[in-house]
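Take the given structure of chain A and dock chain B to it, following the hints.
Listed below are the residues making up each chain.
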Amino acid sequence: LAKTTQPISMDSYEGQEVNITCSHNNIATNDYITWYQQFPSQGPRFIIQGYKTKVTNEVASLFIPADRKSSTLSLPRVSLSDTAVYYCLVGPRGKSSGDKLTFGTGTRLAVRP
Amino acid sequence: DAGITQSPRYKITETGRQVTLMCHQTWSHSYMFWYRQDLGHGLRLIYYSAAADITDKGEVPDGYVVSRSKTENFPLTLESATRSQTSVYFCASSESTRGDEQFFGPGTRLTVL
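In order, the protein sequences belong to chains A and B. Heads up: the first sequence begins at 6 in this note's numbering, then just goes up one per residue. Heads up: the second sequence begins at 43 in this note's numbering, then just goes up one per residue.
These are computed hints drawn from the structure, not numbers from a lab. Computed from a prediction, not measured in an experiment: that's the story for all the values here. Just so it is clear, CB atoms sit at the ideal spot from N, CA and C, and this is done for glycine as well. Worth double-checking, as some hints may not be accurate.
In the DSBU-like style, the derived pairs of lysine-lysine whose C-alpha atoms are separated by at most 35 Å in a straight line are [unchecked claim]:
1. A:8 with B:112
2. B:112 with A:74
3. A:57 with B:99
4. B:99 with A:8
5. B:112 with B:99
6. A:59 with B:99
7. A:8 with B:53
Covered stretches of chain B, going by a simulated chain A footprint (3 or more residues, C-beta under 8 Å) [stated by the list, open to error]:
8. 59 to 70
9. 74 to 84
10. 117 to 129
Same shape as in the complex, but just chain A (with noise of 0.2 Å):
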């Protein structure tokens, strides 16, 4: 199972671009990185999915290096409804990959005005 690392919080003002790092040093061959958000009291909504280099949509740019052992999330000009926690999952797409999505702890985004 791939395992991730996140920072456990970060800080940041309106109108900033964040970026948060993931870790994820034994990726396998079949992974793909997914990031999530959520708000309090709500469920997780997903936010960007990527296997390599760049992926962008309207929210965000995921950035991924040749060796995959990590990637970052990038918000362009967050704004005070950003304040979330992020969460990045490495595991396969299809079937039986239930079992492989581990959500850990992810990283709480503090935007302040």
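Frame of chain A, contents of chain B only:
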């Protein structure tokens, strides 16, 4: 309405009682999951199901029982509740053809006295 729902949203029970948490999804997703979330542990997978009548253990299955007779329902039963099972329980569903993005329900806050 389409989506994933959980019931009840809040439940208080006593040690030794049987409790069933319900989860219902309207997307006909193949996969369904049960997680528990505790302070300091993040989200931990209890059980998951790849299809009706197919279930498998996750990281913390002890003390829980699941069934899936219909694709849309995935109930979680605590056969004899213990205080250590006080937690917030999240149900999720996914369809592998969408890259395994998981859609989470609103959660059930369970307190075992």
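Any of the earlier hints contradicted here, and which numbers? 2, 8, 10
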